[in-house]
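There are 2 protein chains.
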Amino acid sequence: MSIIPKTVNPDLQKERAKASFNVEDFALWYHGGEEKLKFKRFFESYIFKDLDDSRNSFQDWSHEEIFADALKNGIELAKKLRKLQEEVNPGGNDIWPALYGSPDAWGAMPSGNPFSVHFAMMVGCIRQQGTDEQYEKFGKRAENFEITGAYAQTELGHGTFLRGLETRADFDRKTDEFVLNTPTITSYKWWPGGLGHAANYCVVVANLYIDNDPKGVAMFMVQLRDEKTHMPLPGIDVGDIGKKMGFAGVNNGYLGLKNVRIPRTNMLMRHAQVLPDGTYVKSPASVLAYFTMVFVRCLIVRNNSTMLSMASTIATRYSAVRRQSPINPKEPEPQIIDHVTQQMKLFPEIATSIAYRLSSTKLWQLYDQTAEDIKCGEFGRLPEMHALACSLKALCSRDSANGVERLRLACGGHGYLASAQLANLYSAATAACTYEGENTVLLLQVGRFLMKSCRMLMAGKPLVPTISYLQDAIKVNGLEKWTGSWQNILQALQIATAHKIRITFENLTARLKAGQTEAEAANNTGIEYTQAAELHGTCFVAATFLEEVTGPNAKNRSPALNKVLENLLELFLVNTALKYMHEILRVANISDMELRALQTRLEDVLKALRPDAVAICDGFDFHDRNLKSTLGSYDGNVYERIFEEAKKSPLNKKPVPDVIYTHLQPFMKAKM
Amino acid sequence: MSIIPKTVNPDLQKERAKASFNVEDFALWYHGGEEKLKFKRFFESYIFKDLDDSRNSFQDWSHEEIFADALKNGIELAKKLRKLQEEVNPGGNDIWPALYGSPDAWGAMPSGNPFSVHFAMMVGCIRQQGTDEQYEKFGKRAENFEITGAYAQTELGHGTFLRGLETRADFDRKTDEFVLNTPTITSYKWWPGGLGHAANYCVVVANLYIDNDPKGVAMFMVQLRDEKTHMPLPGIDVGDIGKKMGFAGVNNGYLGLKNVRIPRTNMLMRHAQVLPDGTYVKSPASVLAYFTMVFVRCLIVRNNSTMLSMASTIATRYSAVRRQSPINPKEPEPQIIDHVTQQMKLFPEIATSIAYRLSSTKLWQLYDQTAEDIKCGEFGRLPEMHALACSLKALCSRDSANGVERLRLACGGHGYLASAQLANLYSAATAACTYEGENTVLLLQVGRFLMKSCRMLMAGKPLVPTISYLQDAIKVNGLEKWTGSWQNILQALQIATAHKIRITFENLTARLKAGQTEAEAANNTGIEYTQAAELHGTCFVAATFLEEVTGPNAKNRSPALNKVLENLLELFLVNTALKYMHEILRVANISDMELRALQTRLEDVLKALRPDAVAICDGFDFHDRNLKSTLGSYDGNVYERIFEEAKKSPLNKKPVPDVIYTHLQPFMKAKM
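Read top to bottom, the protein sequences are chains A and B.
213 is the number that full-length UniProt numbering gives to position 213 of the first sequence; each next residue is one higher, with no gaps.
110 is the number that full-length UniProt numbering gives to position 110 of the second sequence; each next residue is one higher, with no gaps.
Read the hints as simulated data drawn from the structure, not as lab findings.
Heads up, some of the hints might be wrong.
[Stated by the list, open to error] Below, a list of computed lysine to aspartate or glutamate pairs in the EDC-like style, where the Cα atoms sit at most 16 Å apart: (1) Lys653/B x Glu65/A; (2) Lys330/B x Glu518/A; (3) Lys669/B x Glu227/A; (4) Lys647/A x Asp237/B; (5) Lys648/B x Asp237/A; (6) Lys669/B x Asp226/A; (7) Lys654/A x Glu65/B; (8) Lys653/B x Glu146/A; (9) Lys648/A x Asp237/B; (10) Lys72/B x Glu133/A; (11) Lys669/B x Glu65/A; (12) Lys669/A x Glu76/B.
With the rest of the complex left out, here is chain A (with noise of 0.2 Å):
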């Protein structure tokens, strides 16, 4: 009964026809190797096989049923993964449940999941938070799926400061427990996925007291439902928080605790401990809980680059596709990629998602090797580490929920469509601007580690890698001279980044003289704090993706593959200098001349990837099932999938609606 054609619409396979280069060996190397692409690919269609494809859209649905429709989702997702695990290699992990939340399954639940922050965040907290019994106890069970779990950190009046935390639990020693309450509306614990229906346990951070003594913040396993009934247990009052600008299907919730009592064994006590006479053994390090952070900011900088890419893709093909407005004006509407005006929406932000994607591998490796160190007792790199995952973090959320916006704009009225996807996309890739640390707070951090490592420059100290061109760079009175070549736009880039760091340091140091406490100067230097943040996680971010395009890799490569990566750097790299040329300006000197030829290879570049544009979103490889956009898909029938779509709307399901004949009618017969 589809309307859609099974060919591929011709703009598209002229597209394919005519680039420079093998897809599959862009995808080969984007995806890591014949391996993993391989995997990948059966892993989609295993998953993706028996989905039913008839439904419309969860957008069109009430809240209360796209909840209902995520929690089939999971489930059904979690038995296949659990069956495929068995299937392909018998107890291990590696597929259950490592990739429950990978984004190559995120076709299977497109309203998300209620279930992910359980595996994701609950699990592991159990696991490194709480003792080796505890995890017997606890997260067995909650690996196993046997009970569901949220994390509760968040309150309704209280975010990135721990310990202003409102919650508290207090130890009584006479029956061994603790009494755990939310006295105010403040304290109510606010936004945990899953909390709101489909958890029936809970790990609540509060602040622990003992004997009314505050001993700071630690994390207790709750019950909140009975596993019979999955009714609340007496004094808690949890529920769902209502429609959000995305993400509706995780049954983010709230938690009220009124003198709810635990068990004192359901302290998580791997690091601090209270002992039954009410002893409170204090933490040797707070350093793992601190790295779980980072964990997951790498984490967003993977998936939020991945974001870009589908945006990218989907907007890519549709602009193949789509044709507006004639450049000549006897001659029949062009594909709107022709238009250069289109190319400049399109083109620097896959280049940007690739650059992105690319330092997110190199933050991995630094996070393994950071995280063998840790296993050493070696602390030295966390700070570094930090630094870096907070500047990427912010950054990659930023320009990636920014370009997606950009991709949906660039798509016109038809990106306004639930269908188009792009509106989806944006609610979740803007969502980790403000979530796991609000960008401009970690930024600021980054901050306050740029100053310091202005310290230890001026004190004669080594620097940690990731900063050490502030050691030349700093020393330098501008750039030397103006070439344009990659390497001289990153020293330029560096110099300005340095040149910030150096005024921002020196105004710090002026609010200090003035008398104002150093947090006083820090907050009031706060904009350029963010400012040199930005541009020193640039920095990286093109370093990286030089590195990779010019450096001992490309041996691997074959020369059309790398060619096409030259002019996607190329892209990276003159953008990125226009963008931030205002800094650069103030370190080189560039003639007017000199910026119009870097306008002149802009354009010259956007050229060049002209024919190559759809191929390369094609070799990201992304399953259709995992774009699940009207405009995006790989054969291009655009149009048909729209119509397809509407017609699907439950609106449409009779000629005319209940409320035509019921309220439209009656008032326009009424006459005036």
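Fit chain B to the supplied structure of chain A, relying on the hints for placement.
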């Protein structure tokens, strides 16, 4: 039963108490005097007084439920406005239908109005494009709500390029009828508001054919549905296009036509005509149709600047209530508005919203003047008016949408709640970037106007007023001296604009000399066209703001109010200069110390505005019903409102949703 206090949040009370100026003075200025402000308040209380506050938000509902509700709301509001019109000014039209789409009434239709296009476009279209008899026959019935209509121009495969429309109307001389067809899927009408189910008539824009000979685009009055049964008539395939990013209740529809016959006299024939014998009489001027587009774009500037002011109000009030992250470690968490980085997110948007509001007022004045000219057969200022409306529509829609989004992000996680209303405001603001002329298409048109102006300048011909600055600015070889005064900043912007126009013109010319056609050369210079257009529009906005604050109007305001406006202007100009510094530095010598001084001015004016920020937003005088935000209500009872809204969610009606019993529990018990 409501838990919302009747009192105002003490933090907000303090903010209001310390403002440096009288809020009522600001409101009077902003709303154009006592009479207007008084009526606005009366109007709002009249239409909002009996609205039901107990229901949960439409965002929780299904698409069908939202449509039904929107339709009822549209009818209720129409009834109220008619009644008010009769009470206040019987027989007039200054309230009904004039205020049906007014921002002051938005709160009555939170998901949009399926009848807004009926009044905003269809009635006006019949009046402007139809003959007087046609207006009697169709227009009056439409105005009286006896029939409901839509305006169907855009097709699934065709947008701004009108001649590309595939829908055709063939004249049948034998029956004196037109036969309308949408021969392909891409020719289906797509997007018209209200078309889905609310409309029973429609103005269809189609290519007119006589004896298979194309005569160009014309408009046709087509009945879609039976007036008694509301069932689609034979040959009509009509329905709703499904969920979009926003405007959930607007009932955007599709329309397919298969041999639909209408009388010849249903073609709107004020300008062009088809006579019974098939003679085609051409329109003497297409100027009026063109002018309607200008009108709608002026409207967008006003509406979108209002949305930005609304979002500013929400985020500023929330920032005064929310406490987060100590500045000094030993002090309690401050209002987040005390973080300088937060001020930098809020205050520039407040200033920008005012800048665009002033520009929109100026634009209306120019519009009225141009309309007067047209009545006298004088079309000379139309190109200028068109260019200005294009650039302001593009800039204001973009900056307001981006601003609303920045303000949403400034509210952290809670900005992501549907009940914060910021996501909904964003989806409305951003829609204006692609509707009524896609922004890039409009900026390219402005670019062409600038190139023409350049040619006129070179030919020694005089320039129209809004571009006259070019005359001087293009001659000088850069800014003589950077002083940083307001006038000097404006001059620097104008000279940077002139420089951009000049190099754009040179690059265009070089391409023409190299043998490219005018159209190809324009496409290849497209990026610079849009950059020049953006700068040109920015100069107008800056000049208008400067004129309002420092010009003769200042005499009518209190010194305290003038001081606030001066601070807002200072912020706007300094921030704009920094934003375009990469362009300004190409034409001005500004030392690094001068740039640092500019940064200091930015920080100083943020500090100066800090005590007045809440009061300025109060001065916008938005009714709580129009803000409809848990974060932004006048009383600042943020947490209670978020809490109450969550409790209303239908998902919380039962403690355990059925899907838990039917799906989750069986799965959890199944074990592995």
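Tested hints:
no. : hint                : in the structure
1   : Lys653/B x Glu65/A  : 14 Å, holds
2   : Lys330/B x Glu518/A : 12 Å, holds
3   : Lys669/B x Glu227/A : 10 Å, holds
4   : Lys647/A x Asp237/B : 11 Å, holds
5   : Lys648/B x Asp237/A : 14 Å, holds
6   : Lys669/B x Asp226/A : 14 Å, holds
7   : Lys654/A x Glu65/B  : 14 Å, holds
8   : Lys653/B x Glu146/A : 26 Å, violated
9   : Lys648/A x Asp237/B : 14 Å, holds
10  : Lys72/B x Glu133/A  : 60 Å, violated
11  : Lys669/B x Glu65/A  : 24 Å, violated
12  : Lys669/A x Glu76/B  : 15 Å, holds
When each numbered hint is compared with the structure, violations occur for hints 8, 10 and 11.
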